[in-house]
Amino acid sequence: MRRHQVIKDRFLENRIFLSRTVILFSLMLLLVAGLVSRLIYLQVAGHKKYHNMATNNRIKVSSIPPTRGIIYDKKGNVLAENLPSYSLEIIPEQVADMDATLQRLKQVLNIPEEKIDAFNKQRKHYKSFDSIPLLLQLDSIEVAQFAVLRHTFPGVDVHARLMRHYPYAELTAHLVGYVGRINEKELKNLPEAEYRSIHTIGKIGIEKAYEDLLRGHSGYAELETNAQGKPINELGRIESKPGADVYLTLDIDLQRIAYEALDIYNGAVVALDLETGGVLVQVSKASFDPNLFVSGISYKDYKQLNQSKSKPLFDRALRGQYPPGSTLKPFIGLAGLEHNITHTHQTLFCPGYYQLPNNKHKYRDWKKWGHGMVNLDDAITQSCDVYFYDMSLALGIDKMSTFLHDFGFGEKTEIDLIGEKSGLLPSREWKRIHREQVWFPGETLITGIGQGFTQVTPLQLARATAILAKRGELVKPYLAERIVDETRIIDAEHSATEHIELKASNIQDIIQAMVHVVHGARGTAKRIGKGLDYQIAGKTGTAQVYTVKQDEEYDEAEIEFNMRDHALFIAFAPAHDPKIAVAVIAEHGSHGSSIAAPIAAKVIKQYLHVEKKP
Amino acid sequence: MKVELRPEQFKEHSLIGRLLRKLHIDIPLLIGLVLLLLMSFMMLYSASNQETALLIRQAARMGVSGVLMVVLAHINPRQFQRYSIPLYVLGVALLVAVLWVGDVGKGAQRWLDLGIFKFQPSEMIKITTPMMLAWYLAGHEIPPKWMHIVIATLFILIPTLLIVRQPDLGTSLLVASSGASVLYFAGISWRFLIASMVSISAFTPIYWEFFMRDYQKDRVLTFLNPEADPMGKGYHIIQSKIAIGSGGAYGKGWQGNTQSQLDFLPESSTDFIFAVFAEEFGLLGCLGLLSIYLFIVARGLYIAVQAQDTYERLLAGSLVCTFFVYVFVNIGMVIGILPVVGVPLPLISYGGTSMVTLFAGFGMLMSIHTHKKILPS
Chain A
1 MRRHQVIKDR
11 FLENRIFLSR
21 TVILFSLMLL
31 LVAGLVSRLI
41 YLQVAGHKKY
51 HNMATNNRIK
61 VSSIPPTRGI
71 IYDKKGNVLA
81 ENLPSYSLEI
91 IPEQVADMDA
101 TLQRLKQVLN
111 IPEEKIDAFN
121 KQRKHYKSFD
131 SIPLLLQLDS
141 IEVAQFAVLR
151 HTFPGVDVHA
161 RLMRHYPYAE
171 LTAHLVGYVG
181 RINEKELKNL
191 PEAEYRSIHT
201 IGKIGIEKAY
211 EDLLRGHSGY
221 AELETNAQGK
231 PINELGRIES
241 KPGADVYLTL
251 DIDLQRIAYE
261 ALDIYNGAVV
271 ALDLETGGVL
281 VQVSKASFDP
291 NLFVSGISYK
301 DYKQLNQSKS
311 KPLFDRALRG
321 QYPPGSTLKP
331 FIGLAGLEHN
341 ITHTHQTLFC
351 PGYYQLPNNK
361 HKYRDWKKWG
371 HGMVNLDDAI
381 TQSCDVYFYD
391 MSLALGIDKM
401 STFLHDFGFG
411 EKTEIDLIGE
421 KSGLLPSREW
431 KRIHREQVWF
441 PGETLITGIG
451 QGFTQVTPLQ
461 LARATAILAK
471 RGELVKPYLA
481 ERIVDETRII
491 DAEHSATEHI
501 ELKASNIQDI
511 IQAMVHVVHG
521 ARGTAKRIGK
531 GLDYQIAGKT
541 GTAQVYTVKQ
551 DEEYDEAEIE
561 FNMRDHALFI
571 AFAPAHDPKI
581 AVAVIAEHGS
591 HGSSIAAPIA
601 AKVIKQYLHV
611 EKKP
Chain B
1 MKVELRPEQF
11 KEHSLIGRLL
21 RKLHIDIPLL
31 IGLVLLLLMS
41 FMMLYSASNQ
51 ETALLIRQAA
61 RMGVSGVLMV
71 VLAHINPRQF
81 QRYSIPLYVL
91 GVALLVAVLW
101 VGDVGKGAQR
111 WLDLGIFKFQ
121 PSEMIKITTP
131 MMLAWYLAGH
141 EIPPKWMHIV
151 IATLFILIPT
161 LLIVRQPDLG
171 TSLLVASSGA
181 SVLYFAGISW
191 RFLIASMVSI
201 SAFTPIYWEF
211 FMRDYQKDRV
221 LTFLNPEADP
231 MGKGYHIIQS
241 KIAIGSGGAY
251 GKGWQGNTQS
261 QLDFLPESST
271 DFIFAVFAEE
281 FGLLGCLGLL
291 SIYLFIVARG
301 LYIAVQAQDT
311 YERLLAGSLV
321 CTFFVYVFVN
331 IGMVIGILPV
341 VGVPLPLISY
351 GGTSMVTLFA
361 GFGMLMSIHT
371 HKKILPS
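In the order they appear, the protein sequences are chains A and B.
At position 247 of the first sequence the residue is numbered 247 (the numbering used here), and the sequence of numbers has no breaks.
At position 90 of the second sequence the residue is numbered 90 (the numbering used here), and the sequence of numbers has no breaks.
If we strip away everything but chain B, and leave its shape as in the complex, we get:
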């Protein structure tokens, strides 16, 4: 007996509230996202030196992504579960395809040219991998058996290694963490977690030797000592630190950033936009921004905890976790505590692909939260 019922239905009486509910939109999550998008507009306007064409392009992407989110929010989570395998297989197939026929950009093969638009399969796999894992683990005992863990790990490793081959360190890290977080939420033993962390660190030298391209090695070396080559490879990080540090506690004010206005800071509207933010709004602004991110994460985790089904719960947890990894890795690299791996600041950096994926994730979260069934107690 499955009766669709939304308990909050009767508490919300406002027009907008009812409209959003009908759209299967989660209001707290939406507020967080809208705040981030507004900030994104402000930052892009400033970091791009008032280039309106860039803002219009970004707005279009937001629109498309927003529509996708609403569409996904409408779909019952059961449908996600049902399509987990085909979507995963499709994603992996596209990753293989990209290695064969993909476009080369910035020394890496990531794009599939589909005629009207370019498509980055590694973005899609960020969502389909946790879907696959959630589906697989939800079908077995929780916490998973040793055997299931091995198979689940294989599901993670296949796309991860394919992305490493492109090579795209940042995305492979996100894909791996999205898969690993499913395992974590499924309750694999701490002993196993610790053991795998140790084995990953043991694997690092091998990875360094056989999988990393020179530019990636450079990035890591630069991260370890940016001052060694201030005009060359360390330039990004040093200029970024100057931008952040010179912002001080209160910042230089909106559009008061000399570092990016005068082109000292490279990639100021994409991966390094946080430095612009920190320069303009200072420590205070950074705390505010981090609070918004934490609020979204907290709301996401709340949705995951509230989820009624193992699949939904694991998927929701993983999507939120991936979002957090995004934020942490980007800010960490911009402020110089992580190597530069090419991860955008979610929802603020300029660029379309990651935004589509992120909004898709939020759409699924909203779907999970708004399609609840009353359980027979």
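Okay, chain A solo, but in the shape it has when bound:
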């Protein structure tokens, strides 16, 4: 080979090669030093940080939902329970393309767009490894449809969850309330840890008022997971604590009787147990099926409920404000007696109208030709307006307002529900502040017969009646009698309450007059008094919806149904040893005597009948 003939300087070559090798090896050492310094940076300086990251990588905390407490009535009937139900849930972290997954799910199951919107909104507030419900209450067909394709939907699964159920549906809708999907606004103000595993929250009624107790506490499982998020190992577990059971004072049988007795009328019935002040009945009609809300009510259903003229979502018992009408008369009469304005034996001639001095305006009586000569007892029994016009004028608005205030008018009852209205008790000061006007004497007159500015809630009216029945002893209505959780039982306290200072004979006279309303020959509610082996003390009332002009006649037949007066009735029984107080408002029932009184009578009859037995 010719190439080998090339003359080489071996010494030069050796020198070059050796020096190059030394330089190269030095360079290699330098590079290795670079690797080592990086390793020191990661393993020594960054050890804590990366150690935490490795731990967070593998350990996930999964929350265990607690079982919500059961709501019972006073006899142990279940008003709210938990039934197993299937829900379709998604763990966002395990879904590669959420939009595509949702679109494909839509093809498999019939998922309304609004559910997807709700899901997307909810997602933002949960951790990406939380299981977020997309569709609740799947039926067995839907579960089967999904089960077939489940392997094609990583991160999506069907879960069996406990779903709230209200067996009495419409009957307890407003009172017991319902739970619904937590909305964005609520989520912001909730303790995040407690609600990680819970997707519903009490929206109204007892469910809302006792949310903190009913809910219970979430448990946690510390899971070691692999990179796919699949649990490999459970490292620790704190069991969830079930929510407390709540026993109400409500009597569901009585509630049903009241609800059904309202018949075609919307309105409210509230009955209080006079021994404790506990609410026996609290009906608000029209009503709705609360079970619709648990799984997320559809837009269509909600619109229908919301726009219905009968306003089924409105809690009339707690938030409805009505003029008390003549049901206020026993209280005004008592005020008159207490202030020595008049007494039972003084009589007044009722010509069918009343006029203020120097004023042509005629304040009419409901009876066109008048009641003739009436005393207080007659005035209450027959509900004479003129007698009370006269008495109100003599009392004046200030005394009247103060006295009524003692009976709880214009004030919330502080019942253990949320959203109660306070009604309205007018006074000189109220009018100056809210209307920027002085008080006119004519307004005193109409206040005296329960019209004008005055507004009461059915609950307030029931409480005032109960105070009257208990001869001035204050009553505080409540619903939760007993709360039972794993460790303790809490009973409602029935401490001795305050008294309104009243003369025994005065209140006796008023109660006697109210007994005459039901049992007297001329009593406005005498129809319900027949054949009773106990006495009911009551008072009818009519609340004007439509104002009759000065020279017009109120002709029931000519007025449309929704312009008719509301029918009211308050009662307690037995009159001399009262056990139950009732307030009834039948909207557009026109007459307290024919429509409202029989409803109260049915409730009282049932209650006393059952109570007597044991």
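Please note: incorrect hints may appear among the correct ones.
Dumping the calculated DSSO-like pairs for lysine-lysine here, alpha-carbon to alpha-carbon at most 27 Å [what the hints assert, rightly or not]:
| id | chain 1 | residue 1 | chain 2 | residue 2 |
| --- | --- | --- | --- | --- |
| 1 | A | Lys526 | A | Lys579 |
| 2 | A | Lys49 | B | Lys252 |
| 3 | B | Lys22 | A | Lys48 |
In short, the hints are calculated from the structure, not lab data.
Let chain A serve as the given structure and place chain B on it in line with the hints.
The following block gives chain B in isolation, referenced to the frame of chain A:
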């Protein structure tokens, strides 16, 4: 006058020593390699979640590679020199063939399916390129003339660009560096070295624009900022750093690695096995592993310096240099100071092709060291 004589012959008296000598095995090199293979077994057992089938496959590869090493150690280096050109031409031809009929794996054409086994010509070229260069440069003056440098560069560029076309960034880098190291050892001037480095950096934007595939660009971008896409492209590097960092100074102990046991770390038994090692054995273990590598490199360079012939010297130097580049690029990418280019950790990562090439290289080194002739002084 060529008398084959092994001067150490008379110093070694032990049976194993004599046996190894007969086999033309270099003992220090062998010790280093065996240590690495033992570590490889330990790491694969742990990283694969105790999958024995995988260990058996790897052991078989080690066996085949070991036999190849011994066979090559037996062959006189002159034979390598003689077959330098045909082997180089064959390698380039196969590279061309792979572009035409090669199998596509992971978006790149690298494999030739030869029926019984798949063959990756780019691995073979890692050895034949330095052989070719060593042959060419050894036939001319040292240090080489300008003209020879240009021709030698062509010998490097042909296979390198063919591999870039596959595309396989990691291997083309190794082939280029194996060729370049021959030039370096041949003594090309520093000025020229610096000038070529500058021109390579100038070439980078053009390379980026016209030769790099999207996934390669992604890798580089990811390397520059892995946190930009932690669940996507940056996932490898972030999980790898977590594994290494959480190992700390002393490590979590053998099989105590949560990162790969729980599948957080992808490719834990192949390219990213160093992360598993670092998690289990910590900084201390890493220093140990790097020491073994440095020991092998040092022994290799010693063999190169001791070599008596220009061809042998250049070839040995280049093989050692390539081995080091392997180690540096792999560890560098796993610890996040180099882009992810798909280079295995030599002799530890799971996989056969690179192991065969590496053992072949060590076989040639041993051959160079054990076939010495006494020079007329």
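Okay, the hints, checked on the actual structure:
1. The straight-line distance between the Cα atoms of lysine 526/A and lysine 579/A is roughly 21 Å, inside the 27 Å bound, and the hint therefore holds.
2. Proposed proximity of lysine 49/A and lysine 252/B is supported: the alpha carbons are some 15 Å apart, at most 27 Å.
3. Straight-line distance between C-alpha atoms of lysine 22/B and lysine 48/A comes to about 53 Å, which puts the hinted pair past the 27 Å bound.
The earlier numbered hint that this structure contradicts is number 3, and it is the only one.
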